[in-house]
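J.: Protein chains in written order, with UniProt numbering: chain U, 1 to 651; chain F, 1 to 475.
Since the hints were derived computationally from the structure, they do not count as laboratory data. Quantities reported herein were computed from a predicted structural model and do not represent experimental measurements. Treat the hints loosely; a few may be bogus.
Claimed, not checked - No farther apart than 27 Å at their CA atoms in a straight line, the calculated lysine-lysine pairs in the DSSO-like style are these:
#1 U:Lys525 / F:Lys193
#2 F:Lys193 / U:Lys501
#3 F:Lys370 / F:Lys382
#4 U:Lys466 / F:Lys205
#5 F:Lys193 / U:Lys471
#6 F:Lys205 / U:Lys501
#7 F:Lys461 / U:Lys566
#8 F:Lys214 / U:Lys466
As the list claims (entries may be wrong) - Using C-beta positions, here's what the derived DEER-type ranges look like:
#9 F:Asn89 / U:Pro526: 47 to 57 Å
#10 F:Asn89 / U:Ser461: 46 to 56 Å
#11 F:Cys66 / U:Lys647: 42 to 52 Å
#12 F:Asn89 / U:Thr456: 55 to 65 Å
#13 U:Thr456 / F:Asp124: 52 to 62 Å
#14 F:Asp300 / U:Ser393: 30 to 40 Å
#15 F:Asn450 / U:Gly581: 29 to 39 Å
#16 F:Ser348 / U:Glu416: 23 to 33 Å
#17 U:Lys637 / F:Lys193: 49 to 59 Å
Beta carbons: idealized from backbone N, C-alpha and C, even for Gly.
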Amino acid sequence: MSEEHYLELCENPVQFEHASSVNNVFFDEANKQVFAVRSGGATGVVVKGPDDKSSVAFRMDDKGEVKCIKFSIGNKILAVQRTSKSVDFINFIPDYPHTEFTQECKTKNASVLGFCWTNWNEIVFITDQGIEFYQVFPDKRSLKLLKSQSINVNWYQYCPETAVILLSTTVQGNILQPFAFRSGTMSKMSKFEIELPVVPKPAKLSLSERDIAMATIYGQLHVMYLKHHSRTANSTSAEVVLYHLPREGACKKSHVLKLNTTGKFALNIVDNLVVVHHQSSQTSLIFDIKLKEPDCAVNTHQPVLPARSIHPYRIPLSGPAVVPSQPPVPCQLYSSSWSVFQPDIIISASEGYLWYLQVKLPPTVNLLQDKGKLMDFLLRRRDCKMVILSVCSQSTRGVLPVVATVFDKLNQVYKEYLEAEQSYTVAMESGPSRGSAAQKRPVRTQAVIDQSDMYTHVLSSFTERKGVSHKFIIAVLMEYIRSLNQFQITVQHYLYELVIKTLVQHNLFYMLHQFLQYHVLSDSKPLACLLLSLESTYPPAHQLSLDMLKRLSTANDEIVEVLLSKQQVLGALRFIRSVGGHDNVSARKFLDAARQTGDQMLFYTVFRSFQQRNQRLRGSPGFNPGEHCEEHVVHFKQLFGEQALMKPSTV
Amino acid sequence: MASGMQEKQYTPSLLSFFIYNPTFGPREGEEEKKILFYHPSEVEKNEKIRNVGLCEAIVQFTRTFCPTKPAKSLHTQKNRQFFFEPEDNFWIVMVPWFETQCIEKPNKDGKPPTIEYQEEEILDTVYGAVVRQCYSMYKLFNGTFGRAMEAGGVELLTQKLEKFFYRYLQTLHLQSCDLLDVFGGISFFPLDKMTYLKIQSFVNKVEESLSLIKYTAFLYNDQLIWSGLEQDDMRILYKYLTTSLFPRHSEPELAGRDSPLRPEVAGNLLHYGRFLTGPTNLKDPEAKFRFPKIFVSTGDGYEELHLIVYKAMSAAACFMISASVELTREFCEQLDGLVGPQLTLLASDICEQFTINRRISGPEKEPQFKFIYFNHMNLAEKSTIHMRKTASVCLTSVHPDLMKILGDINCDFARVDEDEEIIVKAMTDYWVVGKKSDQRELYVILNQKNANLIEVNEEVKRLCATQFNNIFFLD
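Only chain U is shown next, with the shape it has when bound in the complex:
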């Protein structure tokens, strides 16, 4: 089933001239550039990077076989190693002399194993006897040794992301010494030992550089050791052992990934997942070191998903003689000519392709039955939003406990984001005076699924779905509200509206009443108005609405309106007086309502009450012209006579 392939090669690979007897191909992990060097550079060097900007083509003199070729960061200086003693440099900065200059390694009798650029003008030579850290002066065409360290080196690895070089030392090669570089400084990190499955006698190099890789996983630098099974050491299958390499402090063995098989493996890191390719079965496994395994010892991990091959890939035929009718040919996956680089690069030198490996999330949904685990997995992926929402939609066809788990996982992440956002806002408001420059605005990842996402993509369509019992619909909505409350997230009004709409649709007014009674649906003016509109079908909604307006304490005008509309003029008057709003209230509104009741005594009472107010406020019982009460004054006179009007009291 093609839907089950959860790994794929990117659609637009970097294409280069494939390796041949006249064309040597090199890959620089730091700049992710492929160098195709024809005839030692004399007939051209074509550099292809991840984007067009980093692609360059040039020529250089053929001064012997190229062993290693890399640009410094930003394509400023090219370094070429042709001998085991020295490295040659060519300036690529405009207006600087282009003639090559050479640097020999300082250590006598040492041979250069390779070099790494750590900055646009800083380079490290790794020799079999140690490392030499240089600064390059392109204008002077010379190098200055910044620092060096002598140590026996079997082989080395470089992690450009963190600028850490890892050296294999000692006879067996299993003592690893990392060095970290940062603008002109070199620091020695604490060394550590890789536990070998068997200790060979006599001692010989037992740790191959093929079995070690460095990569950042969840922001932390890890050294991955591919520990092959060994017949003597009682291990039935291979495993990947992860060592966490902190900037400071000791390196610790942190995770063990169980491969449950043997053979030839290669490692990639994609979206913080460890991908293990298995050549003989032509399948790959993925591991998430943050996924807790309930039935495993601490930090021992089983594959998240069953082994599957990378999605079949077809190479579109291109080049100068492209024939449009010719179909693309299938590409041989897991080919022995593949080279795998960190974190997510696969290169087929013989075919001339560089791919980025990608994780496809949709197929994981059906492969991982445990929805809680699935959510944990998805919430840590980069492009997870739509997949998560589809899982939510899908889980609303399932059982409530699962729905609850899914919601809780979602809201956990949502809450963390809201909190980060809030503390950022607080920090910003308190001003930069407190040196909070380090405070960065929290990044909203795709895993943050907020209420409007849920409403739009999941809940509103769910409540409309045919054939679902209303009991279940309400249970799911309440479960979501429960989960939000549990994480102390303020529930948005439209969710309450959805609950009410659903309850009303099914005549479940008593249920609604009980929810309101326990304030499950939080007070707000819109909600109170919605309740008012329900009064004709459910009379108690009136009381519920008034209670809510009262609790809001900012809705006194609305309360007056409600009471007046119910012709409870005296009630409205007493209310506005009790909250001290009597002085500012519009007399006309009350008089209109009192007159509408047709109750003359009521009209009299209200009229006199406002006259008294006027007297108290302005020393005269008359109404201001702005109050537009003239017609009521006339009406009053008609009913009760001129003499019933309150006379201005004499001071």
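Put chain F on the given structure of chain U with help from the hints.
T.: Below, chain F alone, put in the same frame as chain U:
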């Protein structure tokens, strides 16, 4: 009440209670056929016929004055009769007996103490409500009279009436009936939103996994938290649970006769869950899986349900299942296994939350006022006058005279639709205040020496501001 001079002592008791249908024996000599139930049964036949005949005549006679509202009660010097026609031509009549003896004032002539009938002390509304409650309770467990007639004629109906009322009337405690019986309210358990949502979630999950369950009600401390039943059905079920079922089970608990913690061997789950209806011990191979059946209203009639009441500590869940389903041991075991642990956990959660809330709100929220509150909209009632109910008595902490005033004010309120407020200065130093706002009624009893009307009014305002600040209550 520690007031020393307890002059009067009413002991209202049931003189008679009967149910008849005048259409069942319309001809002379067949009068006995009209009588469907008569308590006390040992009364001589002719007297029964005479009493029924008298009621029939009164109802007929008063009907001529107001055909739509027949007589509700008849006052005589010695007693009162209450009439209620719950279904067409079916009449329930209750005659309480109120006797007051003047203990304090023995007759000077050495004659035996005179018997004084305190007929005025009785409130029509209270006992009228009691009669209606009798019918509602019958209907809850048996359905309507008409239903029994359809199923098995008069014979079945009389059997059912006999079976039900024989026991029910013994549990009627007329002496403790008061305003609360008029309201027939439901006491709701105060709870924070989160715990309430947890209960919701629990109910929904249980109803989902045990799909036989049609309705659920949830109570804590004999107070309602959630009802899946409609209001009127819940009202009578609540009455049954709190005045009959729970007290019956709490008394042995209080006496320490059974310790309900059951160490579950299988699954190793310790929980306090147990069935209050149905099997007392699931492990008993002889256990019967029969539950009481109740009738609740549906849109267009009634449905019959099994009533499973399951309790863990102070939390009780009522599960209602269609009576057409046979309940098995497997089902009960499944329910016990699923609900027991969760309900136990929930009960301790609620208890914890409740104590926290109480601590936060502090002692100033503790009512120093004696009041009764009732909301007609959701039937919520709250009383600081009544002590905890037990199976036998309902204790009030105020003098019956004051309760009588409350009842009178309530009658006044019932007469008009408008909001109003009544303040009564009672004997001694008591003030009684009644307030009606929209659908709510509040009765406050204040004991303040030398207080005047204004002070009393202020005091009640203060009470409203502290106790009822979250509802719209007109001043």
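J.: Does each hint fit the structure? Answer for all of them.
T.: Evaluated hints:
Pair hint Lys525 (chain U) plus Lys193 (chain F) holds up; C-alpha atoms about 19 Å apart against a cutoff of 27 Å. For the hint pairing Lys193 (chain F) with Lys501 (chain U), the CA-to-CA distance comes to about 21 Å; that is within 27 Å, so the pair holds. With a C-alpha separation of about 10 Å, the suggested pairing of Lys370 (chain F) with Lys382 (chain F) holds against the 27 Å cut-off. With a C-alpha separation of about 21 Å, the suggested pairing of Lys466 (chain U) with Lys205 (chain F) holds against the 27 Å cut-off.
For the given pair, Lys193 (chain F) sits about 20 Å from Lys471 (chain U) by alpha-carbon distance, which is consistent with the 27 Å threshold. Taking the CA atoms of Lys205 (chain F) and Lys501 (chain U), the gap is near 22 Å; set against the 27 Å cutoff, the hint holds. For the suggested pair Lys461 (chain F) and Lys566 (chain U), the alpha carbons sit about 24 Å apart, so the restraint of at most 27 Å is met. Only pairs whose Cα atoms come within 27 Å are accepted, and Lys214 (chain F) paired with Lys466 (chain U) is accepted, the gap being roughly 21 Å.
Roughly 52 Å separates the CB atoms of Asn89 (chain F) and Pro526 (chain U), a value that falls within the hinted 47 to 57 Å. Restraint check, Asn89 (chain F) to Ser461 (chain U): a C-beta distance of roughly 54 Å satisfies the suggested window 46 to 56 Å. The hinted window of 42 to 52 Å between Cys66 (chain F) and Lys647 (chain U) holds, with their beta carbons roughly 51 Å apart. A hinted range of 55 to 65 Å for the beta carbons of Asn89 (chain F) and Thr456 (chain U) is consistent with their spacing of about 60 Å.
For the hinted restraint 52 to 62 Å between Thr456 (chain U) and Asp124 (chain F), the CB-CB distance of approximately 59 Å keeps it satisfied. At about 36 Å, the beta-carbon gap between Asp300 (chain F) and Ser393 (chain U) stays in the expected band of 30 to 40 Å. Take Asn450 (chain F) and Gly581 (chain U): their Cβ atoms lie about 35 Å apart, and the range 29 to 39 Å holds. Under the hint 23 to 33 Å, the C-beta atoms of Ser348 (chain F) and Glu416 (chain U), about 29 Å apart, fit the expected range.
Judged by the Cβ atoms, the range 49 to 59 Å given for Lys637 (chain U) and Lys193 (chain F) holds: they are separated by roughly 55 Å.
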